[in-house]
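Put together the whole structure using the sequences plus the hints.
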Amino acid sequence: MHSTMKFTRCLAIMIAATAPQVVLSQGELNPTNAPSAGMRTLHQLEPRTPLSQQTGAASITISQSGSYYLTEDLIFMNNGIVISADNVTVDLNGFTIELENFANTGTAIDIQTGVNNVTVRNGHISKGSFLGFSFVNGIRADSDATSIRVTNVSVLSCANNGIDLPKDGATFVRNCEVSTCLGTGITAELVGSCTVANVLGRAIDATIVRDCKTSGFGGIRTVLAAHCESEVTGGATAHESELAYECRGVATNGSGIVTKLASNCVAESTGSNPALTAELVYASSGSAANSIGIDAEYGVHESRGTCNGSSGIGIKGQNVTHCTASNGPAGGTGIDADKAVGFSRGDGGITAEIAVGCTQPSGSSLTVTQSFLNFVAP
Amino acid sequence: MIDSSSRIRQSVASFLFLAAAGAVLAQGPLLPPTSANGTIGTVPPISGSGIPQGSMKTLHQIEPRTPVSAAMTISDPGSYYLVQNIAVASGNGIVITAPNVTLDMRGFTVSSTASPAAGTAVLIESTAEQVTIFNGNIRGNVSFSGGSPGSYSGSGFLHGIRAPSLNSENLRLEDVSIDGCLGDGINLEPGSGSGFGGNNSIVTTCLVRNVAGDGIRAEIVEECVVRRCGGNGVTALKASHCAVVTTGSSGVTSEGINASVLQSSIAESPQRGIAAEQAVNCRGAGVSQEGIVGKKLTNCDGSSSQGAGVSADIAVNCRGFSFFGTGLSAQTATNCMGENQSGINGRGLSASCAVNCYGESLSGAFGLTVAGTVSFSTGKRNGGVAIEGGNAIGCTVEGTGSVSVLTKSLGTP
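Quick note, the sequences are listed as chains A and B, same order.
Those letters in the first sequence? Residues 1 to 378, per the working numbering, in order.
Those letters in the second sequence? Residues 1 to 413, per the working numbering, in order.
Some clues are possibly wrong.
With the C-beta cut set under 7 Å, the calculated list includes, among others, these residues of chain B facing chain A [what the hints assert, rightly or not]:
id, residue
1, GLN84
2, ARG209
3, LEU237
4, HIS241
5, ASN281
6, ASP301
7, ASN356
Worth flagging that the hints you see were computed from the coordinates, not collected in a lab.
Model, not experiment: these values are computed from the prediction.
Even glycine gets a Cβ: it sits at the ideal position worked out from N, Cα and C.
Below, the structure written as structure tokens:
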């Protein structure tokens, strides 16, 4: 386009814009009529109740049922949002709740006694970025609060618990990250797809835990666990449950996994505790440094237990079948069964009442009352 | 964005100002808006007058979905959202008669005070299919008043969310909490018991409490909690990561979980805890029936007072306890243990074939009963028969019990 033409057009637009009766394309700011079909009120665009910074960083109490959302990061000097009504949804809207005080204090989101049907989602809870002090608790509900859901929330730094909901109240935590807390990371009935790190107490305390990863000084405690990874530094147990399926527990000084039923699990302990302790162990691996690889009260089947120390035991159980076990360079026992060992190999020796169809490498002892079809390498 | 040091200074300054005089809060009251603010009803899409152009957006473009502010019937396909809590004193909340409807509850609550309890909070009619509902609460005042079987009473909805027709296919429900219904909590599959209509329904991350009927019925149920439920807790073709406690209710079946495929779930019931074709990593507790029953059970734990703790065609790495019945009963049991407390027919573990198992009876019939072959297993029944049955290979006894089998070998005493 020719430059003169462009200049002329610009000039025309400027003149038009300075004329008094210009029609602005967005129309009048004031509504001209009652809302009618085709129009939207601003309330309809965002029907939820906004929550914004309070004067003096005072706390916000939600005492009416409804749906609420943050419009900015919120800074509090003590408690943050206190929920005292049923049927409340708080969308953090991607924003952060922060403490700024000269001491650790308050709870970022506090769900009070008897309250039910609360959802908190989508945002962050953090220590003060200026003073560095933390909330005592991130999200906390009274013990008789029920039906609480927390999703997509991260909690950084708490003087006590990260997310603390009653375990028997239909409570649910999903897709949350909690780190650097002096108490428990996450407590709830169901916990899924969460990560917890650098927590001094238990990482997760729940009824069902699935697909979670934890590290720190405390591990996972639950009734059921599936597809979980937990690593512990110090003397705590990495994984405590009743049923463990496809889980891994690693402990430096405590036990890797302590459960009743273990299937498809991997446990390691680099200290002086057993790697995997259970009533029944199936298709699992336990590796201990100075204790027992797998320590089962009853059966061990299709599993492997090792101990690298000089006096430990690879696998200890009542009946052991289709297993392999080894014990370090010297001393100890490969498999130590109260009753029978079948179709297994025990490097470091087998001790049992009955051994059938087992293989022993050279130099390993077979200490059994009754021996059938066993092969001891010369 | 201001940095935190200036924010704290602002906070302190505001605090001082507040102490000196009454502050005007910019955002107004925290109370949710009254009905005058939002009762506009459904708004059809703008037909397109052609005015907004370029980078401009109409309000309709910013929120193109249709707002819902009162109990209504959705009879046109589209995307809808609640703009406030909806409370009714009688009848249904939202009735969906159109196909292809999405309803975002936007964190709001649909509640009823109907007395006696009646209506459905969200009813998916036979003409509706492809319906998605998410993110909200449904409330009545029905509560569990104790007793066994349980007793429920109160005002509110009869049902929470319900699709009573076989025609309603492709239904999805997510992040909804339901509390206090005199009928079912979530029922997306017509029929009864485990007989499903095949509505292709999914329910995820829902919490259901205080419902006198069934808790959740859908083809797939994931990560849900049902507590205080008079009927069946969760009925599904596939369920995972669910926690259920049913109380029973007079004259109805109250199974904890019934699913074809079940993973990592836990259920307690005054009748049967869990029934599944295949279950992995589950725990069921029953009273009058089995703790957990299924064709193939792996890494499962069951307990019962009257029935078997665990009952399966194939049980692998399972543990069962029964006070009066058999702790663990299976055709094939591998690496399992069962315990029985008492009862003239009580057995610790009973199987056709058992490998690497343990069965114990404290004062019942037998520790370990195996009709076929039992190998590398241990029975315990002090003063009685520890192992009873057919062919025992490499088996042992704990305590003072005897072995009573047809043939024994490889060290079996």
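Status of the hints after comparison with the structure:
| no. | hint | in the structure |
| --- | --- | --- |
| 1 | GLN84 | holds (6 Å) |
| 2 | ARG209 | holds (5 Å) |
| 3 | LEU237 | violated (19 Å) |
| 4 | HIS241 | holds (5 Å) |
| 5 | ASN281 | holds (4 Å) |
| 6 | ASP301 | holds (6 Å) |
| 7 | ASN356 | holds (4 Å) |
In summary, the structure is inconsistent with hint 3 from the numbered list given earlier, while agreeing with all the others.
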